[in-house]
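Going by the working numbering, the first residue of the sequence shown is number 26, and it counts up by one from there.
Worth flagging that the hints you see were computed from the coordinates, not collected in a lab. Predicted model only: the values in this text are computed from it and were never measured. Heads up, some of the hints might be wrong.
To be verified - Derived DSSO-like pairs (lysine-lysine); straight-line CA-CA distance at most 27 Å:
1) Lys96 to Lys79
2) Lys115 to Lys75
3) Lys75 to Lys96
4) Lys75 to Lys65
5) Lys65 to Lys79
6) Lys60 to Lys79
7) Lys91 to Lys75
8) Lys65 to Lys115
9) Lys82 to Lys97
10) Lys75 to Lys60
11) Lys60 to Lys115
12) Lys91 to Lys81
13) Lys81 to Lys115
14) Lys115 to Lys71
15) Lys71 to Lys97
16) Lys65 to Lys81
Said to hold, decoys possible - What follows is a list of derived Cβ distance ranges for each label pair:
17) Ser48 to Val83: 38 to 48 Å
18) Val66 to Asn27: 46 to 56 Å
19) Pro88 to Leu108: 22 to 32 Å
20) Glu78 to Phe50: 32 to 42 Å
Beta carbons: idealized from backbone N, C-alpha and C, even for Gly.
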Amino acid sequence: MNPLATCQNLMLCEDRARLEAESDFACDVCMKAAKYLDEKVFESAKVDAKVAEKLKKVCEDIPDMKPAELKKCELLVETDTPLIMEEIGKALSEQLCTDAGVCTSA
26 MNPLATCQNL MLCEDRARLE AESDFACDVC MKAAKYLDEK VFESAKVDAK VAEKLKKVCE
86 DIPDMKPAEL KKCELLVETD TPLIMEEIGK ALSEQLCTDA GVCTSA
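Work out the full structure, taking the sequences as your base and the hints as a guide.
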């Protein structure tokens, strides 16, 4: 009687191959989800516009802002938001799953 075989037959022992397969599957799912978020959220013109709209309100809420400074703030928000969103999406798709501990390396 082989103790390891008995343990595995009764499903009382961890099966390393099964655990690795489950881990690989979880990593694959996480990577696909992160890529989806990058492409559908962080590279979306509609999302960029909504974020820019909210950020422009932040410009308006800065105390003692002169009209010229307000216009400059709003222009920076308008021109830089798409690039910032793209960079956030890229970082998310590259690092999220590893940082969350789902993948050992992306």
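Outcome of the hint check:
{"no.": "1", "hint": "Lys96 to Lys79", "in the structure": "15 Å, holds"}
{"no.": "2", "hint": "Lys115 to Lys75", "in the structure": "19 Å, holds"}
{"no.": "3", "hint": "Lys75 to Lys96", "in the structure": "18 Å, holds"}
{"no.": "4", "hint": "Lys75 to Lys65", "in the structure": "14 Å, holds"}
{"no.": "5", "hint": "Lys65 to Lys79", "in the structure": "19 Å, holds"}
{"no.": "6", "hint": "Lys60 to Lys79", "in the structure": "25 Å, holds"}
{"no.": "7", "hint": "Lys91 to Lys75", "in the structure": "24 Å, holds"}
{"no.": "8", "hint": "Lys65 to Lys115", "in the structure": "12 Å, holds"}
{"no.": "9", "hint": "Lys82 to Lys97", "in the structure": "13 Å, holds"}
{"no.": "10", "hint": "Lys75 to Lys60", "in the structure": "21 Å, holds"}
{"no.": "11", "hint": "Lys60 to Lys115", "in the structure": "8 Å, holds"}
{"no.": "12", "hint": "Lys91 to Lys81", "in the structure": "14 Å, holds"}
{"no.": "13", "hint": "Lys81 to Lys115", "in the structure": "24 Å, holds"}
{"no.": "14", "hint": "Lys115 to Lys71", "in the structure": "18 Å, holds"}
{"no.": "15", "hint": "Lys71 to Lys97", "in the structure": "22 Å, holds"}
{"no.": "16", "hint": "Lys65 to Lys81", "in the structure": "23 Å, holds"}
{"no.": "17", "hint": "Ser48 to Val83: 38 to 48 Å", "in the structure": "41 Å, holds"}
{"no.": "18", "hint": "Val66 to Asn27: 46 to 56 Å", "in the structure": "52 Å, holds"}
{"no.": "19", "hint": "Pro88 to Leu108: 22 to 32 Å", "in the structure": "27 Å, holds"}
{"no.": "20", "hint": "Glu78 to Phe50: 32 to 42 Å", "in the structure": "39 Å, holds"}
In summary, the structure agrees with every hint in the numbered list given earlier.
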